[in-house]
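**Student:** Sequence:
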Amino acid sequence: MPKIRVLVIDPHPAVGIALAVRLRSDPALEVLAVAPDWQYGLELAQAQRADVILLEPKGAISPEVDLARELERTFGSGSAPALIWLTSYAMASELDRAQQAGARRYLLKNLDSRQLIQDIKAVATERNQHEYPQHSHE
Numbered sequence: 384m385p386k387i388r389v390l391v392i393d394p395h396p397a398v399g400i401a402l403a404v405r406l407r408s409d410p411a412l413e414v415l416a417v418a419p420d421w422q423y424g425l426e427l428a429q430a431q432r433a434d435v436i437l438l439e440p441k442g443a444i445s446p447e448v449d450l451a452r453e454l455e456r457t458f459g460s461g462s463a464p465a466l467i468w469l470t471s472y473a474m475a476s477e478l479d480r481a482q483q484a485g486a487r488r489y490l491l492k493n494l495d496s497r498q499l500i501q502d503i504k505a506v507a508t509e510r511n512q513h514e515y516p517q518h519s520h521e
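All letters in the sequence shown, in the order written, are residues 384 to 521 by the numbering used here.
It is worth saying that the hints were derived from the structure and are not from the lab.
Some hints could be false.
Within a straight-line C-alpha distance of at most 20 Å, the following computed DMTMM-like cross-link-like pairs (lysine to aspartate or glutamate) qualify [unchecked claim]: (1) Lys-492 with Asp-409; (2) Lys-492 with Glu-439; (3) Lys-441 with Glu-426; (4) Lys-492 with Asp-502; (5) Lys-504 with Glu-439; (6) Lys-441 with Glu-477; (7) Lys-386 with Glu-477; (8) Lys-492 with Asp-420; (9) Lys-386 with Asp-502; (10) Lys-504 with Asp-409.
Restraint-style ranges between C-beta atoms, simulated for each label pair [said to hold, decoys possible]: (11) Ala-473 with Ala-430: 23 to 33 Å; (12) Ala-401 with Ser-460: 32 to 42 Å; (13) Thr-508 with Arg-407: 18 to 28 Å; (14) Pro-410 with Val-448: 18 to 28 Å; (15) Asn-511 with Thr-457: 28 to 38 Å; (16) Ser-476 with Pro-385: 33 to 43 Å; (17) Gln-431 with Pro-394: 15 to 25 Å; (18) Asp-449 with Ser-408: 33 to 43 Å.
In this text, a Cβ means the ideal position worked out from N, Cα and C, and glycines have one as well.
Starting from the given sequences, assemble the full structure and let the hints guide the process.
**Tutor:** Encoded structure:
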């Protein structure tokens, strides 16, 4: 079975590296890279064919960026990586934005590693089986 290719986008290098270390504990996951911002992360996700993007949006992406449109423009309709919104603290406005972006999960970073890995595997399976509708933006 091929590994699940994960890209971490987090503006805090130490946090991004710590997340990568947590994820590498599972042999089913391959952490492709840790990117400090959305634009660079999107380029890496495309070049390395990521299955899942873990995004910490605070500081990594400006509020005016339309994430759903960016994903569709970069990957085409139906082939974008699954997006997991991973944040330090919950905010209602951020949850709304995550939903608009088509994020499959909205998680807090203090989630234990086992649960985080289970969520990554679940969204990768959903993506591969096309069990969820692709987010369309008009």
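**Student:** Decide, hint by hint, whether the structure agrees.
**Tutor:** Hint check results:
no.: 1; hint: Lys-492 with Asp-409; in the structure: holds, 17 Å
no.: 2; hint: Lys-492 with Glu-439; in the structure: holds, 9 Å
no.: 3; hint: Lys-441 with Glu-426; in the structure: holds, 19 Å
no.: 4; hint: Lys-492 with Asp-502; in the structure: holds, 12 Å
no.: 5; hint: Lys-504 with Glu-439; in the structure: holds, 18 Å
no.: 6; hint: Lys-441 with Glu-477; in the structure: holds, 9 Å
no.: 7; hint: Lys-386 with Glu-477; in the structure: violated, 30 Å
no.: 8; hint: Lys-492 with Asp-420; in the structure: holds, 17 Å
no.: 9; hint: Lys-386 with Asp-502; in the structure: holds, 15 Å
no.: 10; hint: Lys-504 with Asp-409; in the structure: holds, 11 Å
no.: 11; hint: Ala-473 with Ala-430: 23 to 33 Å; in the structure: holds, 32 Å
no.: 12; hint: Ala-401 with Ser-460: 32 to 42 Å; in the structure: holds, 34 Å
no.: 13; hint: Thr-508 with Arg-407: 18 to 28 Å; in the structure: holds, 20 Å
no.: 14; hint: Pro-410 with Val-448: 18 to 28 Å; in the structure: violated, 34 Å
no.: 15; hint: Asn-511 with Thr-457: 28 to 38 Å; in the structure: violated, 19 Å
no.: 16; hint: Ser-476 with Pro-385: 33 to 43 Å; in the structure: holds, 37 Å
no.: 17; hint: Gln-431 with Pro-394: 15 to 25 Å; in the structure: holds, 20 Å
no.: 18; hint: Asp-449 with Ser-408: 33 to 43 Å; in the structure: holds, 34 Å
Violation of the numbered hints given earlier is confined to hints 7, 14, 15; the remaining hints are satisfied by the structure.
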